[in-house]
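Novice: The lines below spell out each chain.
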Amino acid sequence: MQQYLYLIPALPLAGFLVLSLAGRYLSRNFIAGIGAGSICISALITILLSARFLQSPPETGAYTQVLWHWFSVEGLVSNISLRVDSLSLVFICIITFIGALIHIYSIAFMREDRDYARFFASMNLFVCAMLMLVMADNLVLLYLGWEGVGLCSYLLIGFWYETPGNYRAANKAFVITRIGDTAMIIGLFLLFKELGTLYIPDVLARATQHFSSGADGVTLIAILLLCGGMGKSAQLPLQTWLPDAMAGPSPVSALIHAATMVTAGVYLIARMHTIFELSPVAMQITAIVGAVTLFVAGCSAMVQTDIKRILAYSTISQIGYMFLALGVGAWSAGIFHFFTHAFFKALLFLAAGAVIETLHHEHNIFKMGGLRKTMPVIFWTFTIGAAALAALPLVTAGFFSKDQILWYAWSAGGGHPVLWALALAGAFITALYSTRLILVVFWGEMKTTPGHLPSRVMTVPLVILAFFSVAAGWIEWPHNILHVDLFSEEVQHVLPATVLKEGLPAEIVFQLIAVVVSLIGIYSGYSLYYGQSPLLQQWKQSPTVMSVRDFFFSGWRFDQLYDALIVRPFLFITRINKSDISDKLYTAIANVSMLLNRQFSVTQNGSLRWYVTGVLIGILFIITLQLLL
Amino acid sequence: MNELQLIPLLPFIILAMASVVTILLIAFRLSHTVIQVTGFLMMCLVVFATWYVRDTLPEEVPPLFIVDGQAALFTGVIIFCVLVIGLFSYIYFEEREENPKEYYILLFLATLGAAILTISQHFISLFIGLELLSVSLYALIAYLRNRNNAVEAGMKYLVLAALSSAFLLFGMALIYMEAGSMKFSGIAEKLPQVSSSPLFLMGLGTIVVAIGFKLALVPFHLWAADVYQGSPTPVTAFIATISKIGTFAVLLRFAQTIHLQQYPLIIAIFSVIAISSMIVGNILALRQQNLKRLLAYSSIAHFGYLLVAFLPGNEAGTEAAAFYLIAYSITLLSAFGVITLLSSREHEAETLDIYTGLIWRRPVVATILAISLFSLAGIPLTAGFLAKFFVLSAGVQQAVWLPLAVLILTSVIGLYYYLRVINTLFGTSGTADVMQKTVHPFFHVSTYITLVVLAGMLFWIGVFPGLVLQGIRLFLLLH
Amino acid sequence: MFTDTVLLSATTPFSYFPIVLQLCAALGFVGLTMFATHFLGPKRKTSDKLVTFESGIEQKGNARQPVAIKYFLTAILFVLFDVEVIFFYPYAVNFRELGWDGFLAMLLFVAFFLGGFFYILKKGALKWED
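Residue numbers (our numbering), protein chains in the order written: chain P, 1 to 629; chain Y, 630 to 1108; chain G, 1109 to 1238.
Everything labelled a hint here was simulated from the structure, so no lab data went into it. The beta carbon of each residue, even a glycine, is placed where N, CA and C say it ideally should be. Mixed in with the good hints there might be a few duds.
[What the hints assert, rightly or not] As a list, the in silico BS3-like pairs of lysine-lysine whose alpha-carbon atoms are at most 25 Å apart:
1. Y/730 x G/1235
2. Y/730 x G/1230
3. G/1168 x G/1157
4. P/172 x P/501
[Said to hold, decoys possible] One-sided and incomplete, this derived list gives chain P residues near chain Y with beta-carbon spacing under 8 Å:
5. 418
6. 421
7. 424
8. 581
9. 585
10. 600
11. 601
12. 602
13. 603
14. 617
15. 619
16. 626
Start from the sequences, fold in the hints, and give me the full structure.
Specialist: Laid out in structure tokens, this is it:
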């Protein structure tokens, strides 16, 4: 099986190449076949691979394959090779499986689009880049995938580039993630300088010998890597690009939010776990960033009116949970939340896409309503997804993963009551806005007449995803309820086990609190948004509440803040430096070269005598040198 | 000397036979095609002979020659180049009414000269090889004597080559006077006594003139552009590749045997020459509108780069130089191949306006030219990039910082004119399509295929250099 | 001390100073002579002096008559073969010492020689009439 490893990223890449080179000559069916087919075959291979992996784990704990040896000079070995251990395996499964479903969905969703081939080409490249990112065995290749993901997100967010807002959104996503990328590459340079290698297993092995715990060097590296993760995973303070990234088609959003891109940061931190463990400070920062992000984004999600923006903020908030889990040292819990989140978030986005498409590109949830009867399949799948997001106890996957995180937020080695409180507040808010979403979109009176309903190609992936949104959680139960821990057992081959604090109340207490909080959240949502709630009306009159709402609505005014702090001063500087001072150096080089060119050209006058003189000047010069030295 | 020692010389004997056979073929009035095919087969025979004698290497044939891995490597590259150039020559000369047959005699003789340079370990053989090469080249350059510039170019080359040969002889005489030997190893033995003698050093210095002339290094470079422009294009390719490979090979052997790099004086001379070659070559090319002249200036700069690999005088430097020469030859062959293919009877395809918008008219040919220019500019994924990279790393090992800095800076300047040509390729096409020549479909197609293969090799070496590097190391171990 | 190590030692650049002096003297002599004759000698410019000197006989017509290229070709071929024949001389002197090996080598040499000759014949280089 190991020798077919390369096919997993190679097939999407081949799909990309075929579609981008010959896309305009192919029929739509053919394009769809190649675009979705490549990913589907990848997914099949992945499933076979993981079956083999689970049945008989390789001795080293990983499948490896060297694809290409470019050159090696003085210790710098430039290889392209793949390495799949259980952590990567989780990511590959999610990326290919959910990617395949999203591609199938897109066949019907994008059917009418003019740039069918371009869409599938970019999607394939996106998947390929993400696969490279998680399958890379050295950080250089990982960085290549990392940048590839950034590039593809730019291409896809700005897919409908004719609308001016869209390319702005694409630019914003690219520039803001770039900030994180820059921090990350500096981190990688430092890592190479300290350890002399970028081969991931070596990095992890040498780090423990080279650094003492809490050393400044390792803290700096960990924080820089964390910044990279924050940019890609849209964590505070680099989160502002993700809500705007909704400008792309819905399958793109699903892909970005569920399978690729935003989870890259989670992967990076989990992959570099040794570095982070060596630096308690960086771990704490990770946890705090996660906790604050989940709360901040949750609040914003609560008041949005655009269905996709609600989901976007909810993604930021859920990734915040993952960061929180990683930060407190609950490694497998974080990855498990990624695993379950991927299913229900993809489901929510695809279902939302179907709703938007049916309602003639209507994004505002308050102009939807009453879709329960007209679109039953969408309604049920969307509800399952939202329930999983709200962590409805026991029947949804979201519950199992989020419950673990809430418990570890206090009880794990790096846990703290404040973190726990923030996470709990986040859980409440999540339940609240999930309920709001369902009630406003599917109940009440119909405000927009639906167009033709989504075809079966679109609904079947939704049903599959809905099944997994329920069932995916059952492979990992809380210890005190049922002793099933298939997931963490597998992941802990790679990631360290979670260390618990002593002397805390029993786990069941925390679980009950969490359950109660999310139920209260659901109930509050119900009481506020089912029918005409008097409280809501009262709030709408109050200026204080409305100003808070506006504050949340604008995403805590981060955009305005950055605008004032960074964009305006920068624009000011550029206005002063219109004729770019640093450019002068380069124009000077060019001008000097041209000047010299004119001078030297005179020597090429075609006269043989002068040429002979040239030779004589040469010999004179040599003799002079000889006499001088 | 006995018969056994002749065995390693077999490839060179066959190479010499090739011109004799060609003479006889001409005497029997056989056609151009027959001569071409026979020449091709003879060259293949040389390759086989090299393969056949590989086990006997390294073998010294005292006192003149030594056939070792390095010699075999450079001879291999030379034969490869002459195979390709021979193919280009067919369609080039068949287009023109001149009698093309004697051309092959001269071509093989010149190749023999270059090949002898790679195996020579004695001043006599060095001189014979160099003269064999030069004298054949005088005639080759002026071969199309009715064309503009041809005789002028030949004349210039003749006078300057004679001048540099004079210096070479003078230098040899001075060294012989001091060291009492003309054999490289003999000189090396006497080194402790003579190395501080000014006459000896002056001898070395004057030999540099002859080498510098053949490699077109500043300030002995002035002939390059005129000769490149005036020669028939296949001959230009010959001067740019084979003649320089041979000369560089003998320089390398001489330097290795007497440890040339131990003299600060010689290092200083070569550094100054390398630096000024890089600067002058690149800057002269900046506004050049004639592709052949542009390639001439570019080759001046490239041999400046190559000297940077030569300066450290270490193992890595030799490897880098060999790799550089291979990458450079393939690149230039494909560039000159394109020029050959595009030249018509009336016009040499040398001015840049012919290339305006070529990509829309002849996409394959234009792509090949673009690839070779990218390789010359040293863009990653092409052979040229890795070649430059190895040169840099060889230089860094010995910390020759100033030439390295100049190398990097001038590479950037060089990028400008390579990209300018590529830019021209993509311009809007003004000229009408040239009539396709289908006079010799077989040779036309095979030239085409050769060009595609060469361009493919540029990529292949740039992406998977492992095999080539391994080969070079294997060859260089045989000494 | 200085004279010992620098001036009298044969290996410093300075020990070639006499050669430089001699070079200067030689060049100076040439320059001086040319300069001196230019000033010293009397100058009489007459038209007779510009006429080609034909040992007293009156000149007739232009000497630059076209000569058939065949003439040069034949001449140069003569020189070529003549020079090659010179190699027979050392062989003849060492005929006995070289023995059969020498004979074979010479035979090879003559064979190449004849090959060239054959080529010239076939190309018609020796045919005077076209």
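Novice: Now look at each hint and say whether the structure bears it out.
Specialist: Now for the hints, and whether the structure bears them out:
no.	hint	result
1	Y/730 x G/1235	holds (20 Å)
2	Y/730 x G/1230	holds (14 Å)
3	G/1168 x G/1157	holds (17 Å)
4	P/172 x P/501	violated (42 Å)
5	418	violated (50 Å)
6	421	violated (53 Å)
7	424	violated (52 Å)
8	581	violated (20 Å)
9	585	violated (12 Å)
10	600	holds (5 Å)
11	601	holds (7 Å)
12	602	violated (11 Å)
13	603	holds (7 Å)
14	617	holds (6 Å)
15	619	holds (5 Å)
16	626	holds (6 Å)
In summary, the structure is inconsistent with hints 4, 5, 6, 7, 8, 9, 12 from the numbered list given earlier, while agreeing with the others.
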